[in-house]
Structure formats: structure tokens, C-alpha cells
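J.: The lines below spell out each chain.
Number of protein chains: 2
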Amino acid sequence: MSASNPIDQHNRDQFLDELKTYLACQSVSTDPAFRSGMDAARAFLTELLNEIGFGNIQELDGGVGGHNALYGEWLKKPGKPTLLVYGHYDVQPPDPLDQWISEPFDMTERDGRLYARGISDDKGPTMIALEALRCHMRANNELPFNVKILLEGEEETGSPSLPNILSQNKDLLKADAILSADGARWRADLTAINVGSRGNGGFEISLKTADLDLHSGRYGGAVPNALHEMARVIAALHDADNRITIPGFYDDVIMPDAKTEADLHAIDFDGVAWTDTIGAVEHGESDFTTLQRLWDRPTLEVNGMWGGYQGAGSKTVIPNEAHAKITMRLVPGQDPEKIRESSKTYIQSLCPEGVQLTFSGDRGWTKAYAVPPRHPLLLAAEQALEDTLEEKPLRVRVGATLPLSDLVRNTLGIDTVMFSFSTADEQFHAPNEFLRLSAVDDGVAAWIRLLDLIGEQTPADYRAA
Amino acid sequence: MSASNPIDQHNRDQFLDELKTYLACQSVSTDPAFRSGMDAARAFLTELLNEIGFGNIQELDGGVGGHNALYGEWLKKPGKPTLLVYGHYDVQPPDPLDQWISEPFDMTERDGRLYARGISDDKGPTMIALEALRCHMRANNELPFNVKILLEGEEETGSPSLPNILSQNKDLLKADAILSADGARWRADLTAINVGSRGNGGFEISLKTADLDLHSGRYGGAVPNALHEMARVIAALHDADNRITIPGFYDDVIMPDAKTEADLHAIDFDGVAWTDTIGAVEHGESDFTTLQRLWDRPTLEVNGMWGGYQGAGSKTVIPNEAHAKITMRLVPGQDPEKIRESSKTYIQSLCPEGVQLTFSGDRGWTKAYAVPPRHPLLLAAEQALEDTLEEKPLRVRVGATLPLSDLVRNTLGIDTVMFSFSTADEQFHAPNEFLRLSAVDDGVAAWIRLLDLIGEQTPADYRAA
Chain S
12 MSASNPIDQH NRDQFLDELK TYLACQSVST DPAFRSGMDA ARAFLTELLN
62 EIGFGNIQEL DGGVGGHNAL YGEWLKKPGK PTLLVYGHYD VQPPDPLDQW
112 ISEPFDMTER DGRLYARGIS DDKGPTMIAL EALRCHMRAN NELPFNVKIL
162 LEGEEETGSP SLPNILSQNK DLLKADAILS ADGARWRADL TAINVGSRGN
212 GGFEISLKTA DLDLHSGRYG GAVPNALHEM ARVIAALHDA DNRITIPGFY
262 DDVIMPDAKT EADLHAIDFD GVAWTDTIGA VEHGESDFTT LQRLWDRPTL
312 EVNGMWGGYQ GAGSKTVIPN EAHAKITMRL VPGQDPEKIR ESSKTYIQSL
362 CPEGVQLTFS GDRGWTKAYA VPPRHPLLLA AEQALEDTLE EKPLRVRVGA
412 TLPLSDLVRN TLGIDTVMFS FSTADEQFHA PNEFLRLSAV DDGVAAWIRL
462 LDLIGEQTPA DYRAA
Chain E
12 MSASNPIDQH NRDQFLDELK TYLACQSVST DPAFRSGMDA ARAFLTELLN
62 EIGFGNIQEL DGGVGGHNAL YGEWLKKPGK PTLLVYGHYD VQPPDPLDQW
112 ISEPFDMTER DGRLYARGIS DDKGPTMIAL EALRCHMRAN NELPFNVKIL
162 LEGEEETGSP SLPNILSQNK DLLKADAILS ADGARWRADL TAINVGSRGN
212 GGFEISLKTA DLDLHSGRYG GAVPNALHEM ARVIAALHDA DNRITIPGFY
262 DDVIMPDAKT EADLHAIDFD GVAWTDTIGA VEHGESDFTT LQRLWDRPTL
312 EVNGMWGGYQ GAGSKTVIPN EAHAKITMRL VPGQDPEKIR ESSKTYIQSL
362 CPEGVQLTFS GDRGWTKAYA VPPRHPLLLA AEQALEDTLE EKPLRVRVGA
412 TLPLSDLVRN TLGIDTVMFS FSTADEQFHA PNEFLRLSAV DDGVAAWIRL
462 LDLIGEQTPA DYRAA
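So the protein sequences, as listed, match chains S and E.
When we follow my numbering, the leftmost residue of the first sequence carries the number 12, and every step to the right adds one.
When we follow my numbering, the leftmost residue of the second sequence carries the number 12, and every step to the right adds one.
Keep in mind that the hints were calculated from the coordinates and are not lab data.
Any given hint could be a false lead.
Just so you know, same-sequence chains aren't split out, so a pair can sit in one copy or run between any two.
As the list claims (entries may be wrong) - Derived DSS-like pairs: lysine-lysine, alpha-carbon spacing no greater than 30 Å straight-line: (1) K349 x K181; (2) K403 x K31; (3) K91 x K403; (4) K31 x K355; (5) K91 x K181; (6) K355 x K326; (7) K349 x K326; (8) K326 x K87; (9) K181 x K326; (10) K91 x K326; (11) K31 x K91; (12) K87 x K270; (13) K326 x K88.
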């Protein structure tokens, strides 16, 4: 139990000053021109971790020439759980610069929002987590449990070093669970917690029907047209009810548990209004609501398709080649390897004699992720939200793919709970990225409470999960 | 009847010298840099028409800023038919120059072939026609019937001036039929005559399903995908037997007369070998042979189709727009206007709520053309081929579209017979265009004989056609 109240240690002005300093580090991981900004961000964090009281601070190198991750630890609570707190210090490029209202690397407050590149993704949420840890340390000269910190520098470039960093430092990173300061809240007006994300995978298909493009007058009607064949293949991938037709595609799908599903139906969500904002109509499998389609159901999308003449006017050609890029979103239960093979087999079966099919560009094949519904860290996170926001959080999921959770489960064997106070509408990856000022207050309070609650748990609780 | 034999007036060496001079005129109509070559070609032809004995030589201007056509006439046979002999003096650009084995504007003989830009399309065939007229004039001081000459300068650029030239000079160009020195023989090893060509028409369709491209994680499964919708539309345009599904599409199709159809089946043609040469397989409506599919049956081809991401790697986007360019080949009986409307109505019916369909880029909508099977000029042309090549010609068609015949029928009310001695394999529009030397001899002989046979006809024969 706390000797004094950690929240009293929170100095909001000092925190915002430090956040502004951190955001001024131009840590764009994808562009070598920003290397000094990456170095500055790591230096800032090293100093902060040291100030808070973390030790064994070091950089972890994945050995593939990327940006090092930063590690620190405080392990002075034997008998208490050990959690790995994750965040990332790299940000997206600020382009297009002319669309920013204020300087992207100079944090500016307007109308209750803080604007800067990376403030929502993920520097603000990371700093909130570190602030809560500092408040605990200041109040009690200790933390409620054992904490390891892992701050990645390549999240925005697809984490090329992370698999090596995890697999080469299994002992160093050993923990009972991951508590992630990344990930965004779905809506600012809904108290909720993410309990899962869809997986993904995909490939490109190319069809060839002749050695060359052919004149539609001299050959038309008597030879196959690669675009007709591609249209037949793509059209055959969904049935009239928008269900995917790949044999066995839904066989292993595990729908969410009863509580998660009840929470989904409890959400005040207007699918028509939602699609209206993007100029679309509601669409999808008729047996499911829009939120189920987005969170519970696997999908297959053609992301690009092309062949033949695309210029001005017309060209009376029978195209001999057609291409399509296909990706899928997978849900719990689906095995990416099995889906990959069955989808390729099915597509091959759709190509008649005279249509040469080639697969290329495999990507992803990440499993979906679902936090176990009775996981102690999930229960603690829900309790912390209820205690500080005075509202029971709903369990929601994200339709997108967060490879970290699956990667960590595969390498370290532990689960991930996302506890971030950024929101999906905060323009991350776009000009005028912002973080709600209210999220700073809510976030620090909730994180402080969560740390307390984890301190009441034992490693045995986690082993039982 | 001839006072002396016109063929004795044919001086092959002189003819080839003149042809070489004509081919040296760099009459590329599409490129303003070649304007002096266009002028030189008209000057050459003016002198030649004058030398043969044509009068009232003049340039016809369509009033749309293009290249003038050249006109001449010899009308001293009252009571005999009047035929309009057509050819064109413009050629395709010679690019790519580095692929020519000899200079494109310097006629060169190799292995029984004459190489030069425009020699097959259409300077050689035009000169053969004029040579036959000159031989008749030299032998008899007159022609066997009344002749008007129309030599176009914009055939290679889509004949933009020709509609005006025809409609504004109806009296000047009044004739019983058109005898065209353009068009190519299908195969060099087959004595045949073209009796028809397919029409064409087309448009572009664009589908829109949302205001912007959407993230496949955040929206996938719950909104329409423009590429899926496009694939459904395109796939629905043909049935499993490759028949076009547009309601009424085949209702007005008139299959060829019995003789034409019998000739088609008499042709020694190996569809498998033919498609093998282009790396394709035989394909099309199962009730018809490859030649019927090519000549007798209408088609619909997607010439280009695109949408979404086409770059390297993958992008998990749900494309909001998709595009397709569609053209059709039409056969006798089909009304382009009716087909256009019914196809647009049908495509619209394939687009569900939430899919915005836009049509653009209408092109063509030219009717198919068929020479009336008992047309006196067709009968004379067949007889001339039989008399000079000692083989009955077969009636064949071309799957491509020759807008001239339809345009002339609409404006001047007369039919067209193509009597050309170039061949479809002679690389016209490509490097190393050539004309078989044997075609010069066969062509001059056949044209001389044809002129004789027409001289035995009367205008009443044509009015009865």
C-alpha cells in the first residue's frame, strides 16, 4: 500500500514541459536524415529512466542495422509480479509540412488539445506511463511490483529488429505480462478497453492468358482476356451475402466470449451514421452487425487490381496480364498458414486451362490476438478504469492488426494488455496530430491506480492465466 | 473491249522506280514535323493523276484543320458505271527507327519483299490501282468506265476530316460504289476477298463506393470495396459459355449468308495452331468455331481495368474507386445506339445501392459492315481474282473495324469493296513494313482484269444491288 498518494506527486506543468522537450526530438525512424533526432530521444529517455530510478539501462540491438531499443529495470519486489512496460520512441515523418497549423516538433496547445508529431502515437502515452511510475517512486521510494521497460525505436517502420531483440534477450525480458502504452482508444466518449485485434496476411496474384497484348479486332472473341479472368476470380471470392468462399475459411473461427459479445452489443453505435461520414453504405455479412463485421469476423479485401490500358482515350487491346493485391484480416482461431494454403489452392482452382496463375509478395500472416478474458492484467486494467473514470469499461477490439501481441506471445510466451490514452481520431500518421489534454489527466490517474492494483497481485495469478 | 492488252503496258521497272519515289515522300500525318512530306506526296500524286489522264484534280478540305484529300476524275464513259477509287497517302510514323534493317523511307528489296514505311499500308496498293488505270489508258486511250479518285491524307489519324469531305462533296463524289485499294488480305496463301468487318463502340465505367480509400483494418468487412464491385460487374458481363449477358445483345445479329458461311468452313484453319503462336488457348462461345468467333460473332472486351494500390509491396487499403475501359465489336444487324443503351442500362442494374456508377469516354459506335452478297462490284472482284489467280476466291471477313465502309454508306449511300494486295502479316504500323513483290504482279494483273469486268457492267446493275 502507498505510504503517500502518488497522484499528489504529479506536477502537470513540469510534465508538459518535459513532454514538449521529448517531442522536440525529431525521432523519425524511417528517414536516415533524422538519426540525430533518434539519438536525442534515446538520450532523453535514458536520463528520465535514470531519474525515476531504473537501473541496468541499456540499448538492445537487433543486429539488422536498425534503431536500438532502450531497456531499463526495477526489480526490488520479490514475490510480486514482473511486468514489461512497452512503448515506442519513434514517430512518423511530419510530411506534408505545409498542412500543419503549428510546427510539428514544437508542442502547441489549442482548445484543450496538444499538437505535435508523435504526441498521440506514442510519445504522449509513453510519457503518461513513465509519469505514473515516477509518481509512485516519489511517493514511496519504490514501485508496487517489478517493472521492466522496453522502448522500441522502429514501431513505425514495421519493427524489423524486434523479433531478434525479443528472441535474443529472453531472460532479460522475462516477465509475467506486457503492459503496453501503445494502441489507441477507439472513441473518446466511450470508456473501453481493447481485448483483441485481427491478424492479417496477403499476397499478389498475376494471371497471364497470352504472350502479349492482342488486338481486339483480330483476336476478340476467340482468345481469353486476362482482365475477364481476373474479374471472375475476384468475384468468386465472396458470395452474394459477402461471405468469403474459400473452403474451410470460417471453420476455425472462434467468436468472442459472452461478456465481450455482450459489451459489443451494449455499445451505442450507429452504423448508418458511421458509414455516412465516409460516403459509404453499410455492407457485409447479413448475420452480423457492423461492429461484429469489424471486430469478430475475418475479411478478404482486394487492395489493388490492374491490367491493360489505363491512359486517356481508348485502346482496343485484349490484355494478356492482370494483377491483384489481396490481403485478409484474420480472427482468433484461424491459423494463418492454413488460410494461406487454402486460399491459394482455391484461387488456383478458379483458373481454367489457359490461365497461368502466379503468386508473389506474401506479407504478414500474423495471427489474430485476444487477451484471455480472465487475464489478471486485463481485470486490473478494467478495475483501474472503473475506479478513476467512474464507469465500467466495455470490452472492445480493433479491426486492425497489432503484430506486437502475437510476436510477444510467440517469443516470450506472455500476453499483452494495451493501456493507452490516445484516441483513434487524433490524426496520428497525418498532419496536426494531437492528444487531448484531458487524456493526460485521465491517463496519469488511471496508470497510477493500475500500478497499485497490479501490486496487489502475485506471480501465481499470472501463471494461472 | 480493249483495243490492245493493258497488261502489255505494265513496265515493272518503271513502276518500282515510281513507287520508290512515292515512298521517299515522308508523309506521316500524325506529326506536324512531316508536313513537307505530306505536301510532297500530294504533289507526286497530282502529277501522276495528271499524267494518267485524270482531270478536275483538286484538294478537298474538311475544314477541321487537317490534311487535304486529293481528288481527280475521268468521266468520259456515259452509260457505264462510275466508281470511286479510294486509297490513302499518309503513313504511320517510322519509330522505333533503330529496329529498321534498312532506311524506312528508302524502298529496299530483300528476298522477294519490298521494305519501306507505308509500302503495305497503303502506298503500294494505291500505286497498283493507279498502275492498272494507267495501263488501260495507255492501251486504249480511255478507261472502261467512269472513275473518280479519292486519296485521303488522314487515314492513320482516324480520318477526322473525312466525314466533312464526304458530306460537303456529295455531288462531286457521287458514284455507284467504292472500290478501295486499302484493307489487307488475311493470308498470303489463301485466295480470298473481304466481304465484311465488325463494328465497334465502347466507354469507360467508374465505380465509387466511398469518399476516400479506407484502412482495411479499421473498415474491412463493413464497407463496400470498389474493386470487388468492379470484379462482380465485369464477371457478370459474360456467362459460363462466354456469351455476353447484356439483355437483347444478340437479338438483331444477322449471321452471314450461306455462301459466305460455307466459304468460312472451307478454309483450312487450325485454331489450336493459331492460338499456340500467341501463347493462348482456344476460347469463346462453344457453339461456334474460332473463325466464326472472330468474324461472325459480336464481342465485349475489357481493355483496361484498375483501382487501388499498384506499387511495390502491399498497402492495406480498401479502394474507393475502380475503373474499366470496355469496347465491343459488333456484327451485321446490331444497332450501335441500341447496344450502347442496353449495355449501359444493364451495367447500371449490376451496381447495388452504395455503388456510384459513372460512364465516360464514349468512342466509336460504328456499325458492322457487310458487302451485299450479290453486289456487282463484289462479283466482278471475285471473277477478276479467279481469272488471274486461277483459283476461286473464298469470302472472308475481318474481325476489326473499318469505319470507311460504314461512313460511305451513311453519307454517299453506296457500298465498298476492298481490293488490296497487301497482307495482314506485312508489319504495317511496325518496323520493317514490307510488301511481297509477287503482290505487285498479281495486283496489277487482277486490277486490270477487274477494270475490264466493271466495264462490262451498267449503272442499272448497281442500282439493283
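J.: Each of the hints needs a verdict: does it hold here or not?
T.: Okay, the hints, checked on the actual structure:
With identical chains, the CA atoms of K349 and K181 are at most 30 Å apart within one copy only, with a shortest distance of 28 Å there and 72 Å across copies. Taking the shortest Cα distances, K403 and K31 never come within 30 Å of each other, neither inside one copy (32 Å) nor across copies (93 Å). In this assembly of identical chains, the alpha carbons of K91 and K403 lie at most 30 Å apart only when taken from the same copy (26 Å versus 102 Å across copies). Taking the shortest Cα distances, K31 and K355 never come within 30 Å of each other, neither inside one copy (50 Å) nor across copies (59 Å).
For a Cα distance limit of 30 Å, the shortest separation of K91 from K181 inside one copy, 19 Å, qualifies, whereas the shortest one across copies, 102 Å, does not. In this assembly of identical chains, the alpha carbons of K355 and K326 lie at most 30 Å apart only when taken from different copies (19 Å versus 32 Å within one copy). For the homomeric pair K349 and K326, the shortest alpha-carbon distance between copies (22 Å) is at most 30 Å, but the shortest distance inside one copy (42 Å) is not. In this assembly of identical chains, K326 and K87 lie within 30 Å of each other by CA distance neither inside one copy nor across copies; the values are 74 Å within and 45 Å between.
Proximity of K181 and K326 under a CA criterion of 30 Å is satisfied in neither setting, with 60 Å inside one chain copy and 32 Å between copies. For the homomeric pair K91 and K326, neither the shortest alpha-carbon distance inside one copy (72 Å) nor that between copies (43 Å) is at most 30 Å. For the identical chains of this complex, K31 and K91 are neighbours neither inside a copy (34 Å) nor across copies (99 Å), given an alpha-carbon limit of 30 Å. In this assembly of identical chains, the alpha carbons of K87 and K270 never lie at most 30 Å apart, being 36 Å within a copy and 101 Å across copies at closest.
In this assembly of identical chains, the alpha carbons of K326 and K88 never lie at most 30 Å apart, being 74 Å within a copy and 45 Å across copies at closest.
When held up to the earlier numbered hints, the structure conflicts with 2, 4, 8, 9, 10, 11, 12, 13 and fits the remainder.
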